[in-house]
Amino acid sequence: MGLNRRDFLKIAGVSSLFGLGGKLAWEVLGPGALEASTKPAPLTAAKHWAMVIDTRKFKSEADMQKCIDACNKAHNVPQIPGAKEEIKWIWLEKYGHVFPDDEHQYVSEAVEHKRFLTFCNHCTNPPCVRVCPTQATFKRADGIVMMDMHRCIGCRFCMAGCPYGSRSFNWGDPRRYLKEPTNPEYPTRSKGVVEKCTFCEERLAKGLHPACVEASNGALIFGDLANPNSEVRKLLKENYSIRRKPGLGTAPNLFYLV
Amino acid sequence: MIEKALTGSKGYYTWLGFLGIFILTGVGCYLYQFNEGLRITGLSRDVSWGFYIAQFTFLVGVAASAVMLVLPYYLHDVKAFGKITILGEFLAIASVTMCILFIFVDLGNPVRILNVMMYPTPNSILFWDMIVLNGYLFLNIFIGWNVLAAERKAVAPPKWVKPLIYISIPWAVSIHTVTAFLYAGLPGRHFWLTAIMAVRFLGSAFAAGPALLVILALIVRRTTGFDAGNEAIKKLINIITYAMLASIFFVILEIFTAFYSNIPSHKHALQYLFWGLEGHNKYTTWTWISVVVGILSALLLLLPWTRNKIGIAAVACAGVFASLWIEKGLTLVVTGFIPNPLEQVVEYAPTLPEILIGLGVWATGFLVLTLLYKIATDVKLDPNSAHVH
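These protein sequence lines map, in sequence, to chains A and B.
Each residue of the first sequence is one higher than the one before, starting from 1 at the first, in my numbering.
Each residue of the second sequence is one higher than the one before, starting from 1 at the first, in my numbering.
So that you can see chain A by itself, here it is in the shape it has in the complex (with noise of 0.2 Å):
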């Protein structure tokens, strides 16, 4: 059969929606018979996603929390005060702590005090996905970091194992601090799991980009690494690019123009 399960439950979800039904639906669910038509539109065709931010076309620190803010919103990120309990997706660091390798007091000052975008790596190597022990964090074939928060256990092994602090735990209930109205299309979550970015796979499934690269005015740049005409190779072709902790292994998936 050409499709794995959650192709299968997403067909089949879509199929109901539209009283697709019984017979029907397994005749045209059947092996092979809807390949045709489920092709995938451009932007879900990719076999290695990566991100470039050309830090050199945010203006200021407004256009960064534009980003931040469009993330927020699309998969209802709650704004929990306090540094013990935040959630974070996609936020604002400073130089000496997105890069404490590269970090010496003569960077310019230019560098020195500018803040810089960091989310999860979503790292060809990842070592959250490593230690997990329910898969719920796992690795898709297109490179993509996944989290599944309804099987999460909440064991936290996977934040011990991040390398870059990218993910959030949920230590209390956060739907308490969502403010109305929340986004319908995204689920809100319960306490006890991990969250993280993943990329927008939501949107890059309906052929749309990442809330954040949209809202980016392009200074975040998306696409596919295995694809030598993308505008991402292009990107690293043409500059100079850093990636967070390169000693570790875990080789990122977002490359930093700066």
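The set of hints was computed from the structure by calculation and includes no laboratory data.
Yeah, the Cβ is synthetic: ideal placement off N, Cα and C, and Gly gets one too.
Among these hints, one or two may not hold up.
Across the chosen pairs, the derived CB separations fall in these ranges [unchecked claim]: (1) A:H150 / B:I355: 49 to 55 Å; (2) B:I167 / A:N183: 53 to 59 Å; (3) B:Y260 / A:N125: 28 to 34 Å; (4) A:G249 / B:T285: 33 to 39 Å; (5) A:Y186 / B:K4: 35 to 41 Å.
Listing some non-contacts, in silico: residues in chain B with all C-beta distances to chain A over 10 Å [what the hints assert, rightly or not]: (6) L16; (7) M130; (8) P187; (9) L245; (10) I255.
Once you have looked at the hints, place chain B on chain A.
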């Protein structure tokens, strides 16, 4: 045999009641945590494991009490351990019970705990830890119970127990190794990323477990009249002494590598522990207490004119236990998160409900231990029982 746990002196019931108060308080606090989430603890986004996981880590070490008796007794025929071995095995059962409970109370979603078995994941060390801990628990239950039951009937233990006993020896090594691997394989956590982590765990386990056992054996002697024998206690003290010295030596090795190499990220955690980092120093006092008490206790156990006085030796054993509790049950886990991956120092201290839940788990462990020891000593003291080697 279970009926022996149901009858006892007034002191016995008072002690059970005392433990019961802590257990009930712990259960109450746990219900609060279950409803509110782990926000009632001192844990944070930056220090995401704390008191619970540290207790678990330390107690895996205490469970080693069994192997340090089983190995000499069954493999090298050290007859002096004939009477005390059951106490070690039952202490292991109580310790592993506490380990499993501490993991349970640390989970954000305890109702989903069976997901670990429903989606077995061999690349996760936590999956293997579940296997080795449960395995060690059942090995000790089967071995301890059957050997004791045979003794009560004055017959030799069933033949199938022997292979289990031999399996339990390397199995004990596996629980420390796998637990160390939880920490030692994480990129970016420099304090934990050390190849000697597993051997450090073994060193401190072979000191802390037997140290508690010596104290327990002395308490059992005073309260029940069952005497494990001075010979056994002296031999245990030798084991504790050298395991403790090895433990101290391993810490010195860590300090050398970090400071001689002069790599900042390797030094940070140790600096935090001994002197504080960027003005944060919640654990420096604890660390120095652990160091001073640990070294003094090791010396008391090493020098002949102190180690031969059972009172002093018992105090030194308590010192070893306390020193290693601070190291494994408090600082080792927390310091792994300091500084965080973004090189910021965020400190952690357990909250009152968190400590009460922890005390509840400890009390549960001691309840299990008391019931098992009651059964064991009653059987041992029964004139109709016979010890068959």
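Going through the hints against the structure:
1. A:H150 / B:I355: 49 to 55 Å: About 32 Å separates the Cβ atoms of H150 (chain A) and I355 (chain B), which means 49 to 55 Å is violated.
2. B:I167 / A:N183: 53 to 59 Å: Given about 55 Å between the Cβ atoms, the range holds.
3. B:Y260 / A:N125: 28 to 34 Å: 30 Å, holds
4. A:G249 / B:T285: 33 to 39 Å: Once the Cβ atoms are compared, 38 Å apart, the range 33 to 39 Å for T285 (chain B) and G249 (chain A) holds.
5. A:Y186 / B:K4: 35 to 41 Å: 59 Å, violated
6. L16: For L16 (chain B), whose nearest Cβ neighbour in chain A is about 33 Å away, the distance exceeds 10 Å, so it holds.
7. M130: The assertion about M130 (chain B) is violated, with a minimum of 8 Å to chain A.
8. P187: With a cut-off of 10 Å, P187 (chain B) comes too close to chain A, as the shortest Cβ separation is near 4 Å.
9. L245: Correct as stated: the minimum Cβ-Cβ distance to chain A is 30 Å, above 10 Å.
10. I255: 22 Å, holds
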